[in-house]
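Asks: Assemble the complex: chain A is given as a structure, and chain B must be docked to it using the hints.
Chains A and B supply the protein sequences, listed in that same order.
For what it's worth, the numbering used here labels the leading residue of the first sequence as 1, then goes sequentially.
For what it's worth, the numbering used here labels the leading residue of the second sequence as 1, then goes sequentially.
One or more of the hints may lead you astray.
[Stated by the list, open to error] Label-pair ranges, simulated between beta-carbon atoms:
| id | chain 1 | residue 1 | chain 2 | residue 2 | range |
| --- | --- | --- | --- | --- | --- |
| 1 | B | PRO8 | A | THR197 | 29 to 35 Å |
| 2 | A | GLU216 | B | GLN5 | 28 to 34 Å |
| 3 | B | MET1 | A | LEU490 | 31 to 37 Å |
| 4 | B | GLN5 | A | VAL288 | 24 to 30 Å |
| 5 | A | PHE817 | B | PRO8 | 24 to 30 Å |
[Said to hold, decoys possible] Calculated cross-link-like contacts (lysine-lysine; reagent style DSSO-like; alpha-carbon spacing at most 27 Å):
| id | chain 1 | residue 1 | chain 2 | residue 2 |
| --- | --- | --- | --- | --- |
| 6 | A | LYS645 | A | LYS327 |
| 7 | A | LYS645 | A | LYS603 |
| 8 | A | LYS284 | A | LYS242 |
| 9 | A | LYS327 | A | LYS427 |
| 10 | A | LYS125 | B | LYS37 |
| 11 | B | LYS15 | A | LYS242 |
| 12 | A | LYS284 | B | LYS47 |
| 13 | A | LYS242 | B | LYS16 |
| 14 | B | LYS7 | A | LYS284 |
| 15 | A | LYS649 | A | LYS638 |
| 16 | A | LYS97 | B | LYS16 |
| 17 | B | LYS39 | A | LYS125 |
| 18 | B | LYS37 | A | LYS284 |
| 19 | A | LYS427 | A | LYS42 |
| 20 | A | LYS97 | B | LYS39 |
| 21 | A | LYS97 | B | LYS37 |
| 22 | A | LYS821 | B | LYS47 |
| 23 | A | LYS670 | A | LYS660 |
| 24 | B | LYS15 | A | LYS97 |
| 25 | A | LYS645 | A | LYS600 |
| 26 | B | LYS37 | A | LYS819 |
| 27 | A | LYS133 | A | LYS149 |
| 28 | A | LYS646 | A | LYS573 |
| 29 | A | LYS620 | A | LYS645 |
| 30 | A | LYS646 | A | LYS565 |
| 31 | A | LYS620 | A | LYS660 |
| 32 | A | LYS649 | B | LYS7 |
| 33 | A | LYS427 | A | LYS759 |
| 34 | A | LYS572 | A | LYS496 |
| 35 | B | LYS47 | A | LYS819 |
| 36 | A | LYS821 | B | LYS37 |
| 37 | A | LYS670 | A | LYS572 |
Quick caveat, the hints were computed from the structure, so don't treat them as lab data.
Quick reminder that beta carbons are idealized off the backbone N, C-alpha and C, glycines included.
Residues per chain, in single letters:
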Amino acid sequence: MKSGNILVALAGQPNCGKSTVFNAVTGASQHVANYPGVTVDKKTGWLRYNGSRFEVVDLPGTYSLTSYSPEERVARDFILHEKPAVVVNVTDASNLKRSLYLSFQLMEMEIPLILELNMMDVAEKRGVEIDVKNLEQRLGVKAVPTSMKNGKGKAELLLAIEGVAFQNDKRQSVRIDYGALEPYIKDVEDQLFQDTTIGTQYPLRWFALKLLEGDEAVSGLVQERHSRAEEFLSYVETLRSKFEERHAAAPEVHIAQRRYQAAEDIARTSIINLDPDKRTLTDKVDGVVCHRFAGPVILVGVIWLLYYLAIVQGYNLTNYTWPLLAKLRSLAESLTPAPGFIEIPLLRAFSLWFIDSINALLNYVPIFFILFALISILEDSGYMPRMAFIMDRLFGRFGLHGQSTLPMVLGGIYVGGCAVPGVMSCKGIPDERSRLATILIIPLLNCLAKVPLYVLLINIYFAAHKAWAMFFISTISLLMVLPVSKLLTLTVLKDKETAPFVMEMPPYHLPSVRGVLGRAIERVWLFIRKITTIVAAVAVVIFVLLQFPGLSAERMAYYEDGKDKAIAKFYKKIVKFPEHHTVLQGGSLMEMVNYWEEYKSAKMMTQGEEAMAALQGKFKSRNEDFFRIAQPQSKDDKKVNREFKKLVKARNKLLREMKKERIDNSFLGKLGKSLTPVTRYAGFDWKVNVALLSALAAKESSVATLGALYQPDESGQENQTLEQRMEGDSEGFTPLHALALMLFMVLYPPCLATTIAVKVQTGSVKWMLFSMVYPMFLGLSVAVLVFSGGTALGLTGLQAMWAFYGLALAITIAMGFVKNKTQYV
Amino acid sequence: MTLDQIKPGSHCRIKKLSIGNKLGQRLMDMGVYSGIKVKVLRNAPLKDPMELELDGYCMSLRHDEARFVEVEVL
Numbered sequence: 001m002k003s004g005n006i007l008v009a010l011a012g013q014p015n016c017g018k019s020t021v022f023n024a025v026t027g028a029s030q031h032v033a034n035y036p037g038v039t040v041d042k043k044t045g046w047l048r049y050n051g052s053r054f055e056v057v058d059l060p061g062t063y064s065l066t067s068y069s070p071e072e073r074v075a076r077d078f079i080l081h082e083k084p085a086v087v088v089n090v091t092d093a094s095n096l097k098r099s100l101y102l103s104f105q106l107m108e109m110e111i112p113l114i115l116e117l118n119m120m121d122v123a124e125k126r127g128v129e130i131d132v133k134n135l136e137q138r139l140g141v142k143a144v145p146t147s148m149k150n151g152k153g154k155a156e157l158l159l160a161i162e163g164v165a166f167q168n169d170k171r172q173s174v175r176i177d178y179g180a181l182e183p184y185i186k187d188v189e190d191q192l193f194q195d196t197t198i199g200t201q202y203p204l205r206w207f208a209l210k211l212l213e214g215d216e217a218v219s220g221l222v223q224e225r226h227s228r229a230e231e232f233l234s235y236v237e238t239l240r241s242k243f244e245e246r247h248a249a250a251p252e253v254h255i256a257q258r259r260y261q262a263a264e265d266i267a268r269t270s271i272i273n274l275d276p277d278k279r280t281l282t283d284k285v286d287g288v289v290c291h292r293f294a295g296p297v298i299l300v301g302v303i304w305l306l307y308y309l310a311i312v313q314g315y316n317l318t319n320y321t322w323p324l325l326a327k328l329r330s331l332a333e334s335l336t337p338a339p340g341f342i343e344i345p346l347l348r349a350f351s352l353w354f355i356d357s358i359n360a361l362l363n364y365v366p367i368f369f370i371l372f373a374l375i376s377i378l379e380d381s382g383y384m385p386r387m388a389f390i391m392d393r394l395f396g397r398f399g400l401h402g403q404s405t406l407p408m409v410l411g412g413i414y415v416g417g418c419a420v421p422g423v424m425s426c427k428g429i430p431d432e433r434s435r436l437a438t439i440l441i442i443p444l445l446n447c448l449a450k451v452p453l454y455v456l457l458i459n460i461y462f463a464a465h466k467a468w469a470m471f472f473i474s475t476i477s478l479l480m481v482l483p484v485s486k487l488l489t490l491t492v493l494k495d496k497e498t499a500p501f502v503m504e505m506p507p508y509h510l511p512s513v514r515g516v517l518g519r520a521i522e523r524v525w526l527f528i529r530k531i532t533t534i535v536a537a538v539a540v541v542i543f544v545l546l547q548f549p550g551l552s553a554e555r556m557a558y559y560e561d562g563k564d565k566a567i568a569k570f571y572k573k574i575v576k577f578p579e580h581h582t583v584l585q586g587g588s589l590m591e592m593v594n595y596w597e598e599y600k601s602a603k604m605m606t607q608g609e610e611a612m613a614a615l616q617g618k619f620k621s622r623n624e625d626f627f628r629i630a631q632p633q634s635k636d637d638k639k640v641n642r643e644f645k646k647l648v649k650a651r652n653k654l655l656r657e658m659k660k661e662r663i664d665n666s667f668l669g670k671l672g673k674s675l676t677p678v679t680r681y682a683g684f685d686w687k688v689n690v691a692l693l694s695a696l697a698a699k700e701s702s703v704a705t706l707g708a709l710y711q712p713d714e715s716g717q718e719n720q721t722l723e724q725r726m727e728g729d730s731e732g733f734t735p736l737h738a739l740a741l742m743l744f745m746v747l748y749p750p751c752l753a754t755t756i757a758v759k760v761q762t763g764s765v766k767w768m769l770f771s772m773v774y775p776m777f778l779g780l781s782v783a784v785l786v787f788s789g790g791t792a793l794g795l796t797g798l799q800a801m802w803a804f805y806g807l808a809l810a811i812t813i814a815m816g817f818v819k820n821k822t823q824y825v
Numbered sequence: 001m002t003l004d005q006i007k008p009g010s011h012c013r014i015k016k017l018s019i020g021n022k023l024g025q026r027l028m029d030m031g032v033y034s035g036i037k038v039k040v041l042r043n044a045p046l047k048d049p050m051e052l053e054l055d056g057y058c059m060s061l062r063h064d065e066a067r068f069v070e071v072e073v074l
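One chain only, chain A, in its complex shape:
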């Protein structure tokens, strides 16, 4: 009888084609999550075979199974604690000798193992022949040659999995002889057996080996399980030093050495490499791609292309996808209670706010899709490690990593990136400290959403030096980001794990369309699933902060009065047109207002004469009387239309005023006012504060909120731009104020989408909060420095700008010389 879920794990070194095997075996039924506590991907898939259900887990690719990196710990712990029925060790048949190093470690864990010799096609092309029978005999493990890319060997692999899972295939894997270390292993094994129950849960020999290797995680297990742990561990320590003294090599070195010798030995008898010294194509390509001059040029080209395709073309693509999201919004508009003349039902306001928040995120999907596909191409082709190779020296000086290049480019090294894909692409950085540093600084780069405020302020206050100001704002963020990253790695990230740079430069490889698209879709889907839930929660909070406590009854009465006056005025004006006057009586007036709004927005979304005619027909048939006002034909119609427009304008003015007052009055508005004692040193008044606070959800709203606060008050101002209004309204707002505000915007906390990306990438709420709080303090400090400092020194805006630039440049260079502590030394 075969039933239940049988656990199968796939283990293997990086670049061995494990993902291809996983996809081929499980097909579409897979699921990606994170292993608890770490940001390593956990891929699970299911497979039905001969009536049994197998659960296949794709372990992270690792060269070894020590406990130094999260990937290795995850892979090892999974095998130790989940006890899979079968572990398939996927190997690159064209480079089998090296793969055996990991195979031996798996064998030592005494698990039912199958050796999959994958990529046989590549091996054949390179002239590598493998004597499978001999190999099986030497290892004592079932070996299955496959070429999963072409689906070859899949049937044999499944058969082997079934055979081992149900123990039809009982083989004893062969032990490696560790020579001089054997007596030590025996000693430790014996003691473990006598004093603990470890042997019932872990393979004893493996456990002893790990202790002799000095593995910390295994020592930790001893601490938990051994009654005299300290004594025993110090005994192991003396054994280790005794061995090292006698054999001039630490046990772990000796162990690795013996494994490689065994691999060498097996390779000699079962692997024939006909052409071992052929200068590979990869080496030739590297000669160009990593060349001192050509390398950086190619890198810049690749980066430009990536940026252009993902960010620029991606944004263009959103022009096509946005209408779909807009439809979602209009659907919500039609489903929620209709607005009154000045009363917006809370449910409606909330639903629309909610959908706007989600839409703002979903709007990124096309960008992400292109981006993830391109990243997959970079990964699969093997260019990614080369990129890190070229940039590591420069970024390494600031506590970053060669692999921080791509995230920083996407985040906006120059004006116009987007922090969300930037943060999302930090995944591959192996060094925890650099990865966190990169994630934390990306929001300080110049994303597209910061640009409107820059442009607004530059147009008003630096009009005479626009080009310089743009240059300043475009490049200053990099000069602040590098020292900040250095500072972070020297302080809060000081004790984070670092990893050696030691990195494989895999052979170049043509990516497959299926693989690239598959991964892009998978990652986009993961993003959508993770992000929407959190965004929903945060959107609610900000809505409440902006909406409540709302307007007092007294103020509402005031606006009601305004409404009544406006309506009375309208009726008085159209009394001359009895036909229209009757049509617009009572509730019909509000209906007309909504009809008008709908017609206007429908017209904006429609293009082409035919479509327009169809639209007009639709609205006409809905209500012919209303249509005559909306799209006037006769002279009378036109007059009523004009009056009606005035009414709508009056309504909008009331709505705007109410909105402004509601924001003023809201918790967020009060917060803005209560902050002025501090922010005035940075030159921000309460209006600026509120604008900045409201931008927490999305930076685009900073300008929108300023627009609402600096709204046209009198009729004369109505035709003025926001620039003119701001200039007129806020006396004493100088270029120095503007500079402080711009610099604050550079260092502004990440938008909602980014904070969530930070949460996803760091797997921690703590880092998410940190990423929001520290830029706020930093931004405020810089703004205060520039504003108060500039004021004290009597600098003009332009002088302060260059003074600050020089300061930032000097700090950046100085910071480049400060040494980071390397933990592995």
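Replies: Showing chain B alone in chain A's frame:
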């Protein structure tokens, strides 16, 4: 002599790793162990890191890390 002093284009043989810990383990896991032949392919455009070829594949490491690998020039 240590690996970081080897000129691009030269071959050498690993004699000893003078570091344990994470870096040593990582180097061993990547196939850097005593007795194996290594060719230094090139330095990165900014001089660091360096690219090696050993046993039919390529890897990169920083000069700071290569300092811990004792070699003899072939």
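Asks: Hints first: check each against the structure and report whether it holds.
Replies: Okay, the hints, checked on the actual structure:
no.	hint	result
1	PRO8(B) x THR197(A): 29 to 35 Å	violated, 55 Å
2	GLU216(A) x GLN5(B): 28 to 34 Å	holds, 32 Å
3	MET1(B) x LEU490(A): 31 to 37 Å	holds, 33 Å
4	GLN5(B) x VAL288(A): 24 to 30 Å	holds, 26 Å
5	PHE817(A) x PRO8(B): 24 to 30 Å	holds, 26 Å
6	LYS645(A) x LYS327(A)	holds, 26 Å
7	LYS645(A) x LYS603(A)	holds, 16 Å
8	LYS284(A) x LYS242(A)	violated, 47 Å
9	LYS327(A) x LYS427(A)	violated, 34 Å
10	LYS125(A) x LYS37(B)	holds, 24 Å
11	LYS15(B) x LYS242(A)	holds, 21 Å
12	LYS284(A) x LYS47(B)	holds, 19 Å
13	LYS242(A) x LYS16(B)	holds, 19 Å
14	LYS7(B) x LYS284(A)	holds, 18 Å
15	LYS649(A) x LYS638(A)	holds, 16 Å
16	LYS97(A) x LYS16(B)	holds, 21 Å
17	LYS39(B) x LYS125(A)	holds, 24 Å
18	LYS37(B) x LYS284(A)	holds, 20 Å
19	LYS427(A) x LYS42(A)	holds, 13 Å
20	LYS97(A) x LYS39(B)	holds, 18 Å
21	LYS97(A) x LYS37(B)	holds, 15 Å
22	LYS821(A) x LYS47(B)	holds, 21 Å
23	LYS670(A) x LYS660(A)	holds, 13 Å
24	LYS15(B) x LYS97(A)	holds, 21 Å
25	LYS645(A) x LYS600(A)	holds, 12 Å
26	LYS37(B) x LYS819(A)	violated, 33 Å
27	LYS133(A) x LYS149(A)	holds, 23 Å
28	LYS646(A) x LYS573(A)	holds, 11 Å
29	LYS620(A) x LYS645(A)	holds, 19 Å
30	LYS646(A) x LYS565(A)	holds, 13 Å
31	LYS620(A) x LYS660(A)	violated, 36 Å
32	LYS649(A) x LYS7(B)	violated, 77 Å
33	LYS427(A) x LYS759(A)	holds, 12 Å
34	LYS572(A) x LYS496(A)	violated, 74 Å
35	LYS47(B) x LYS819(A)	holds, 18 Å
36	LYS821(A) x LYS37(B)	violated, 31 Å
37	LYS670(A) x LYS572(A)	violated, 41 Å
When the structure is compared with the earlier hints, violations turn up for hints 1, 8, 9, 26, 31, 32, 34, 36, 37 and for no others.
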